[in-house]
Amino acid sequence: MARLSQAELIAGLSRIVGAEHLSTTRPDRIAYSADFWPKAQIWKQGGDIERYPPDCVVWPADEAEVGKVLRFCHDHLIPIVPYGGGSGVCGGTIPIHGGVVVDVKRLSKVTAIDHASAVVTAEAGINGQHLEDRLNAAGFTLGHFPSSIMCSTLGGWLAARSAGQFSSRYGKIEDMVLSLRVVFPDGTVLDTSERGPGGPDWTQLVCGSEGTLGIITGAELKVNPLPEARRLRAFRFRHLEDGLRGARAVMQAGLRPMVLRLYDPFDSLIALGKDKSPQPSDRQSLLDGIRGLFSGAGATSEREGLLRRRLGPLTHTAKRAALVGALSAPAIVNRLAAAAPSPCLMIVGFEGPADAVHADAWSAGELLAEAGGVDAGAGPGEHWLAHRYDVSFKQSRIYDMGGFVDTMEVAATWDRLEGMYAAVRRAMTPLVFVMAHFSHAYREGCSIYFTFAGFRRDAARSEQLYDRVWRVATDAVVSAGGTVSHHHGVGLSKMNAMTQEHGHMLRVWRALKDVVDPHGVMNPGKLFPEAPHKAAEPDSSTVGVA
Amino acid sequence: MISPHTKPTSYLDELRRIVPTEQIEPQIDTADDGGAWAVEPATQIELVEVLKWANGRHAAVFTRRPRRHDADLLGRRPRIYLRGRRMKRVKDLDIVSGTVTVQSGITMSELHRILEERSFTTGFPTRPWRQESIGSVLAAALDAHWGPRYGSMEDQVLSLGVVFPDGSVAGGRGAPRKAVGPDFDRLFLGSRGRYGIIYEATLRIYPSATRVAMSYAAPDLTTALEAVRGGIALGLDPRAIELLTPAPDRAWGRKRVGLTDDRPVLVIVEPWGPLAGRPVAWIDNHFATTLERLEPPLGWNMHEGLLPAPRAWAEPVVGVRWARLLELAQQLGRDVPPGLWVVRMSRHGGWLSLASGVDGPSAEIVRALVQELRPAGPLPWERFEDGLKRELDPKDILNPTGT
Ligand SMILES: Cc1cc2nc3c(=O)[nH]c(=O)nc-3n(C[C@H](O)[C@H](O)[C@H](O)COP(=O)(O)OP(=O)(O)OC[C@H]3O[C@@H](n4cnc5c(N)ncnc54)[C@H](O)[C@@H]3O)c2cc1C
Ligand SMILES: Cc1cc2nc3c(=O)[nH]c(=O)nc-3n(C[C@H](O)[C@H](O)[C@H](O)COP(=O)(O)OP(=O)(O)OC[C@H]3O[C@@H](n4cnc5c(N)ncnc54)[C@H](O)[C@@H]3O)c2cc1C
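Line order of the protein sequences matches chains L and C. Mapping to this note's numbering: the first sequence position 93 is 93, numbers consecutive. Mapping to this note's numbering: the second sequence position 57 is 603, numbers consecutive.
Hints may be right or wrong, so weigh each one.
For the chain C half of the interface with chain L, some residues (derived, Cβ under 10 angstroms), not all of them [what the hints assert, rightly or not]: (1) 557; (2) 573; (3) 643; (4) 723; (5) 732; (6) 840; (7) 871; (8) 927; (9) 934.
Not everything, but these chain L residues come out facing chain C in the computed CB check (under 8 angstroms) [to be verified]: (10) 186; (11) 190; (12) 195; (13) 199; (14) 206; (15) 443; (16) 446; (17) 464; (18) 465; (19) 467; (20) 472; (21) 479; (22) 480; (23) 508.
So these bits of chain L aren't anywhere near chain C, every CB distance computed over 10 angstroms [what the hints assert, rightly or not]: (24) 230; (25) 240; (26) 402; (27) 422.
Honestly, the hints are just simulated from the structure, not real lab data. Given the structure is predicted, the values throughout are model-derived calculations rather than measurements. Note that beta-carbon positions come from the ideal geometry of N, C-alpha and C, so glycine has one too.
Could you put the whole structure together from the sequences, leaning on the hints where they help?
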């Protein structure tokens, strides 16, 4: 098939969405050339600000327009990259083969709220916070609070199997969705609610497909009445294992806390905001320095110290020097952090009908005390709740200083959890500074959220280090029997681990791909390696081809 | 090697090289078909080899019992009827994570017996599927009973091991929740062995407790529904809630549980038991306020004497939201038809069905709703599912199309 020229592409798509809802301007192409994948930030640090620009961006008005855009691209073998909020952290929306970015944010209606059945029907492009606001006004909550709620969309959540901070109570997004509507590249619309008992569950086959099968245009989701009461408590555990035992006891007793987070020793220092234990001053300062990078308020100890003094003037140069100092020797910093005699902090909270909250909080308290937890009052929990969206947005200062920071959220059953934690730390600590918390707890297991920061003197070397860290870390997770992603998805960043993760099950994906996307136009090169359709290298004179 | 004229006797010789003779049982044969055998693989390797053989011979492999017309539809293709009963090992009982990994041929009753010895149970009902293998239960998505807390039957599955029609093997890793692409296991749950054979499953397990269902009688559907809705709003969160009216031919069962003409609607509520969930007294206080408590409390599965046996239940089942359930109750008033069944009730709705052989205006109202909520075919996914079958089983080996 003859490739379309850029002019033909623009003309064809303008006829569908209208010229005002299409852009080929440089700012737009730069803006849509990357999501929040830290590796793309490293590219930018190195001056490469638009490595993979799309040929154009379109903003269709409704499902019918989405269908026509997809059909057009399918007919002309043009790559399509579905785009929600662009808050993905795995490179899922990077147009590595050029083509058309289909931003669905104009599909933003709450179509219906069925009060009697506690079900909301909404379009996929709706911003997460807007959806929650609409539900709150009607007396409901979705119960889905990713840290990115203000900059992500319903469709993106479903496409990447997102988890909110209250997932232990309300589940992940795939537990909330009753059905969805998806448009496949030939324009066919599948409404997965049209399914009786029996037959494969298309909702769960589309959830997590990260734009590689079709574009999700809307969904029906379970909602919950706004909680009548909420109760947060914190516990301190001397050892991480005790905390994990307590967490498991709570979940396996059938309690459903809205939040249950257990911080490892260093993450506890940050979560507590203040380290009460006396420390040699240089160690304290070194830790304060790192802590200052992650916690919004900067170093919280008033004591002077070596690194503290270097951070003292708070000039960019000084901070950068401190960061270089700390992150150039990750093994030492990790050892210092591990040696800090900090207890492990756990935050546990319940919400719902008042009687139930009261009873559950009491039962959880008993179980946690039995596991060795010491009540630390409501303070740390309240603090967490008030600041729970802050941390992610503080990461940019590390990039400012030439370093990088990323997070890895993995999961395993309880029997493998500690082993996985130790294995990942072993793999990462020689390379980067790393800390972790255990959150998103379930009856049979839990997720671990690692945060790591590294530094090299230039972007090329940073990128090498970044790739190496991910490689050793995902290898460690797979060997320890865990899954490499609990909620961020795969995109480009974890693609290499997918063969180990799924083995021959990838045949199902290839079959799905061949059936619903025979031309391989949907988000090519993402999610799984060895796409069945070899994507061609981008060609500068013509638009990207799948 | 592959000859269209190979005789059934040589097929048998070939099969004997894969599995020991005592694991092969010839089925009634006719002169002009390709031969049929029930084969009982004892290991995953044997299972894989049988499938590879079937691919070489263009045989048909079934995961169900023989049916009379199979031979007519398949002509001279040899037929294999797999039996799972030699693949029934409990491979791992992980009491730390609360999971069990079993080979798929184990029957429900055997699995529950083994778990019970360690004071555990599964999230599946025990009695209706006593003799079913876990593989067939999963493949047929028999998700009738489970309520808000255990979730649907699919939620009980942490991961599956599957043999594809060409003999390749895949098994996911068990993690509580994942974001590594679609949930591929869902293709095999409920698709009746169309795309692969489930050879192993990892399931969630729960501490066992004597399971008591509390039962109440309501004068009409509206009262029953309001009590259920109120209970859900209070966060009573029982393990299962079900509404039913006994089928017309179950007068004895109806009398046994204590339903009357004035209070014909049975509400069954199963609390979580002593180890978890709300105290039984909370639940009882709520339901006994507006409904009549039926004494003595009956064991779960009581509805077996009230409705046709589940395996005989051929009527369509549809998911109904609360809004429509309440409308239905209004329309019916006090005239609730017998044989009505609303299961897996949650905050959002339940699954509705009506037994066959029930007549009258109220039955018509229910049937009209069921009809309205049934998806009208042909639906796009049917086309995609046929496409998936062609991709994964190009030779149409496993549970062939149309049989
Ligand atoms: C500060 C910060 C905090 C975060 N915290 C969390 C958190 O707490 N929990 C969590 O789960 N994630 C978190 N994330 C990651 C991210 O927000 C999630 O992955 C989210 O689900 C992405 O939604 P989005 O609308 O931004 O999707 P995008 O980034 O636009 O897209 C993500 C993927 O989905 C595809 N896609 C998007 N929309 C559609 C659609 N309508 N149909 C088909 N495919 C589509 C894209 O092609 C891409 O592959 C965080 C990110 C940031 C930057
Ligand atoms: C509301 C409702 C409730 C019901 N509740 C129940 C209930 O409680 N108990 C009950 O028994 N039935 C129940 N049923 C009936 C049930 O849905 C099925 O109709 C029936 O069990 C299927 O029996 P079968 O003889 O077709 O297949 P079976 O022989 O039971 O096998 C089931 C299917 O699975 C496939 N299969 C078997 N093993 C494997 C394997 N290892 N891998 C892959 N595929 C495999 C077979 O090919 C077959 O298609 C209920 C039905 C309804 C409508």
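Practice task
Return the status of the interface hint for residue 472 of chain L: holds when the least beta-carbon distance to chain C is below 8 angstroms, violated otherwise.
Solution key: violated (18 angstroms)
Handout entry: Status of the hint placing residue 443 of chain L at chain C (closest C-beta pair under 8 angstroms)
Key = Where the cut-off is 8 angstroms and the nearest Cβ of chain C is about 6 angstroms from residue 443 of chain L, the hint holds.
Exercise for the section: Using Cβ atoms only, decide whether residue 446 of chain L comes closer than 8 angstroms to chain C, and label the hint accordingly. Expected result: holds (7 angstroms)
Handout entry: Hint check: 10 angstroms Cβ-Cβ cutoff, residue 840 of chain C to chain L
Key = violated (26 angstroms)
Handout entry: chain L contact restraint on residue 871 of chain C - CB to CB distance below 10 angstroms
Key = holds (8 angstroms)
Practice task
Double-check residue 557 of chain C for me: the hint is only fine if its C-beta lies closer than 10 angstroms to a C-beta in chain L.
Solution key: violated (27 angstroms)
Handout entry: Hint validity - residue 479 of chain L Cβ closer than 8 angstroms to any chain C Cβ
Key = violated (11 angstroms)
Problem - Hint status (Cβ of residue 199 of chain L to nearest Cβ of chain C, threshold 8 angstroms) - result: holds (6 angstroms)
Problem - Satisfaction of the residue 934 of chain C interface hint, Cβ to chain L closer than 10 angstroms - result: OK, holds: residue 934 of chain C within 10 angstroms of chain L, min 5 angstroms.
Exercise for the section: Identify whether the interface hint at residue 573 of chain C stands, where standing means a beta carbon of chain L within less than 10 angstroms of its own. Expected result: violated (27 angstroms)
Practice task
Please confirm whether residue 240 of chain L is truly not at the interface, meaning its C-beta sits more than 10 angstroms away from all C-beta atoms of chain C.
Solution key: holds (16 angstroms)
Handout entry: Interface hint outcome for residue 464 of chain L [beta carbon to chain C under 8 angstroms]
Key = violated (25 angstroms)
The structure fails hints 1, 2, 6, 10, 17, 18, 19, 20, 21, 22 (numbered hints given earlier, in ascending order).
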